[in-house]
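S.K.: Sequences listed follow chains W, D and L, in order. Residue 1 is where the first sequence starts when you use the numbering used here, and the numbers rise one by one after that. Residue 1 is where the second sequence starts when you use the numbering used here, and the numbers rise one by one after that. Residue 1 is where the third sequence starts when you use the numbering used here, and the numbers rise one by one after that.
Calculated directly from the structure, the hints in this document are not laboratory data. Hints may be right or wrong, so weigh each one.
As the list claims (entries may be wrong) - Partner residues are not named here, just some residues of chain L that face chain D (Cβ under 10 Å, in silico): (1) 7; (2) 9; (3) 10; (4) 22; (5) 32; (6) 36; (7) 76; (8) 78; (9) 84.
Glycine is no exception: its CB is placed at the ideal position from the N, C-alpha and C atoms.
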Amino acid sequence: MNKSGALQVQTRGKGLYDITGQVARWLAENPIETGLLTVFIQHTSASLTIQENADPDVVFDLNAFFNRLVPEDNRLYRHTAEGADDMPSHIRAALTLTQLSIPVTDGRMALGTWQGIYVFEHRAAPHRRRVVLHLFG
Amino acid sequence: MNKSGALQVQTRGKGLYDITGQVARWLAENPIETGLLTVFIQHTSASLTIQENADPDVVFDLNAFFNRLVPEDNRLYRHTAEGADDMPSHIRAALTLTQLSIPVTDGRMALGTWQGIYVFEHRAAPHRRRVVLHLFG
Amino acid sequence: MNKSGALQVQTRGKGLYDITGQVARWLAENPIETGLLTVFIQHTSASLTIQENADPDVVFDLNAFFNRLVPEDNRLYRHTAEGADDMPSHIRAALTLTQLSIPVTDGRMALGTWQGIYVFEHRAAPHRRRVVLHLFG
């Protein structure tokens with residue numbers, strides 16, 4: 001198997017959006033026993049992360065930490081034409097992930113018990129994000 | 001070759017643990033000339049990083065930096081039930097890596113001279129961490 | 001296709017260097033329809049990132065953010081023998097990426113419209129950086 005696909009993820013502004021189920025459904029349509037599944041987001045103001053999916057406060061706190069770490073203060077930046085949240089979005093994306101590769105074992109993603117795959121939206125406004133998938137096995 | 005495996009890594013609290021030798025031994029048991037070796041940690045309060053392995057002060061300073069960057073102060077977080085070090089652990093994991101893929105060339109991981117692969121433990125207490133390996137070649 | 005290669009990237013001190021064209025040329029010499037292209041940097045004081053390639057102010061601001069986030073202040077570090085910019089370099093590398101895997105679809109890297117691949121130099125002095133490439137397809 002050497003196959004690519006894509007997901008659309010509609011966000012509602014800053015925060016984390018669980019896409020584990022969408023990715024798992026795509027894998028189920030392309031069944032393999034062992035292999036490598038790659039998730040790649042085609043944006044520089046949204047990113048990917050793996051986080052705990054048990055307590056929704058975890059992703060709330062994670063987003064709040066990034067709000068404190070990367071100030072929306074245009075005096076700090078040259079790139080300001082797209083709004084006060086735009087350059088911080090690029091920084092937040094650089095601090096997290098654009099790509100994740102997850103081993104597939106026994107026909108399933110080898111995620112830990114509490115691991116979920118998230119799109120991390122860094123812009124204040126809703127966006128439609130494109131995530132490319134690739135599977136080898 | 002399309003094979004998966006796993007390592008157990010026992011940590012002794014916050015800090016970095018060099019697993020380069022363990023990964024290299026697994027690769028030696030599954031010899032290939034050219035390919036891609038993926039390392040994936042199944043946790044959200046420990047992570048992976050590649051760092052300098054020459055001077056142990058580097059990983060000491062790296063851990064100290066993350067202690068300053070992500071305060072253990074429960075007033076900052078909603079997710080506090082698992083202890084003051086838990087939410088900071090998730091943030092530290094999001095700022096580093098859950099997965100690393102390393103090209104294999106001439107039968108060996110194509111690491112630079114000073115690069116080592118580390119498990120970065122973010123919890124204060126010792127933990128047994130599970131690392132999944134996958135090899136294509 | 002299961003092939004590796006390498007690029008040399010000459011930097012001129014701290015900042016981001018666009019290598020998208022170099023990577024695309026190597027891929028063009030090794031044409032595949034569908035697959036996975038991995039980029040791996042063999043250093044711990046330079047790293048990789050995907051960033052917006054439309055406005056050069058973005059990478060300027062990104063570098064400036066990391067200058068503020070990781071102070072060049074030797075009183076904070078034990079690892080000081082290689083200069084005030086060395087330990088901050090390792091931290092900046094840990095906060096960004098050592099490796100990136102990019103799906104190949106329709107014979108091209110599946111990058112988004114504004115995505116470029118950058119070597120992020122963290123040392124003040126110019127360096128010659130080695131980037132390993134690997135292609136499956």
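S.K.: Does residue 76(L) hold up as a contact with chain D if the rule is Cβ-Cβ below 10 Å?
M.R.: 8 Å, holds
S.K.: Minimum Cβ distance from residue 36(L) to chain D below 10 Å?
M.R.: Constraint on residue 36(L) satisfied, holds at 8 Å.
S.K.: So, as I understand it, the hint says residue 9(L) touches chain D; can you test that by seeing if any CB pair is closer than 10 Å?
M.R.: 13 Å, violated
S.K.: Min Cβ distance, residue 32(L) to chain D: is it shorter than 10 Å?
M.R.: Since the shortest Cβ distance to chain D is 14 Å, the answer is violated.
S.K.: Holds or violated: residue 78(L) as interface residue toward chain D, Cβ cutoff 10 Å?
M.R.: 4 Å, holds
S.K.: Does residue 84(L) hold up as a contact with chain D if the rule is Cβ-Cβ below 10 Å?
M.R.: For residue 84(L), the interface hint is violated, since the closest Cβ of chain D sits about 13 Å away, which is over 10 Å.
S.K.: Please check whether residue 10(L) passes as an interface residue: C-beta within 10 Å of a C-beta belonging to chain D.
M.R.: At about 17 Å, which exceeds the 10 Å cut-off, the nearest Cβ of chain D leaves the hint on residue 10(L) violated.
S.K.: With a cut-off of 10 Å on the beta carbons, see whether residue 22(L) makes it to chain D.
M.R.: The hint is violated - residue 22(L) has no Cβ within 10 Å of chain D, the shortest such distance being about 16 Å.
S.K.: Under 10 Å, Cβ to Cβ, is where residue 7(L) needs to be relative to chain D, so tell me if that hint holds or is violated.
M.R.: Residue 7(L) check fails; min Cβ-Cβ to chain D is 13 Å, beyond 10 Å.
In terms of the numbered hints stated before, the structure departs from hints 1, 2, 3, 4, 5 and 9, listed from lowest to highest.
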